[in-house]
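Chains as they are written, first to last, in the numbering used here: chain H, 1 to 155; chain Y, 1 to 155; chain D, 1 to 155.
No lab work stands behind these hints: they were computed from the structure.
Worth double-checking, as some hints may not be accurate.
Stated by the list, open to error - The list that follows gives simulated cross-link-like pairs (lysine-lysine, DSSO-like), each with its CA atoms no further than 30 Å apart: (1) D:K61 <-> Y:K90; (2) H:K90 <-> D:K3; (3) D:K90 <-> H:K90; (4) D:K90 <-> Y:K21; (5) Y:K90 <-> H:K3; (6) D:K21 <-> H:K90; (7) H:K21 <-> Y:K61; (8) Y:K90 <-> H:K21; (9) D:K3 <-> D:K21; (10) D:K61 <-> Y:K21; (11) H:K90 <-> H:K3; (12) H:K61 <-> H:K21; (13) D:K90 <-> Y:K3.
What the hints assert, rightly or not - Computed list of chain D residues with no C-beta within reach of chain Y, every gap over 12 Å: (14) K3; (15) R8; (16) P18; (17) K21; (18) N34; (19) E47; (20) R49; (21) E63; (22) V80; (23) E85; (24) V88; (25) K90; (26) V111; (27) S116; (28) Q141.
Every residue, glycine too, gets a C-beta built ideally from N, C-alpha and C.
The chain contents come next:
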Amino acid sequence: MSKLLKERIEQLGLHLPPAPKPAGVYRPILIVGNHLYVSGQGPVLDEDRLMHGRVGSDLNKDEGKEAARQVGLTMLSTIVTHAPESLVIKRVIKVLGMVNAAPDFEHHPYVINGFSELFAEVFGEENGIGVRSAVGMHLPQNIPVEIEAAFLIED
Amino acid sequence: MSKLLKERIEQLGLHLPPAPKPAGVYRPILIVGNHLYVSGQGPVLDEDRLMHGRVGSDLNKDEGKEAARQVGLTMLSTIVTHAPESLVIKRVIKVLGMVNAAPDFEHHPYVINGFSELFAEVFGEENGIGVRSAVGMHLPQNIPVEIEAAFLIED
Amino acid sequence: MSKLLKERIEQLGLHLPPAPKPAGVYRPILIVGNHLYVSGQGPVLDEDRLMHGRVGSDLNKDEGKEAARQVGLTMLSTIVTHAPESLVIKRVIKVLGMVNAAPDFEHHPYVINGFSELFAEVFGEENGIGVRSAVGMHLPQNIPVEIEAAFLIED
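Using the sequences and the hints, build the whole thing.
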């Protein structure tokens, strides 16, 4: 459990959902050298319950943005749960924001901002914002948003 | 040709398809420092023949999983063919599993397990399983699955 | 502003569009160690004007390839604008080519070649060509192509 990150989350009063169990043959996180990689995360609400729906048809863009924030809280939970206590995240490197969007939906970046604003809040404007793509796909279990990310950590 | 990997594949009795020729302006693999990157691979059956069909409409989820395993065999063939003889793969870092899935298909992780279980068999549970996203897209030539991956290698 | 790259672009007589302002909470580029990461770029034509349309329905594959080249020119503009003057790009590592394609479109690699051929021209065949995936998604603002990339740079 990452101690520093846990303290920062408590300081901000964020409520984290439980870390999801892998839904297949993969690790939730992997540390290689000074990089932390996190597998694609969905919006977990509580034990075994995810948000569902397609953005642009079932959900509007603000509901999609809320789902992306929930993906961020889920990713924080995954990191806090699985990373070693000594982990220090230096910065966000890269985010791939995948929106389960209707074919004609146009506002994927707006949706993924729900995730990016949360990480800017937790790690600060300088270190919490990295490069990003925000695009439309079809997602497992009809979740509205899935996001994977890579971080720079203290070696 | 990677000697160690070739021996492991023979030991397991795996039959590899021929390594595909690039379908565009890219390299099949690239080594940068202690990283091996592999371009998106499709499920090659034999010389110039690929598996086809959309998962969730043309193919069911088990046929999709079989296609993902074939992508894995194709990726092993690509690595064995193009990597230097001295290559030693230390571990799988990251897998992006792209399923050509019907819009309402929900089981992308199950499909991509066909690839991940193969790599766990070849490299072991510890080193063969990395982080992953498994999502739905539209794929070239109507192939059912395309997967790209990054590996840690001995420098 | 990257001096060497700017000179190379002038030497080739390439006309770059203005670098786009981020459409969300992300950085256009990020340098971490000897890696340069570039956020997903769309095809900018001029100040506040993008190319639009779905490839395989609104646009044919050659128009799609033209759009991918425009994404390449946009990415060069982004790098030239935001990278430090001393930046030296050693090679292309990885390209993710995302085509806003009709569900039954089959020629994503052909489309993304528009980008890859430009980078081979600018950086040479050896260093301008890396690993790649070229796949179909839905994209923000109905742009035809979006591409993200990673480069090896002099440390």
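Hint by hint, work out which the structure violates, then give me just those numbers in ascending order. 1, 18, 25, 26, 27
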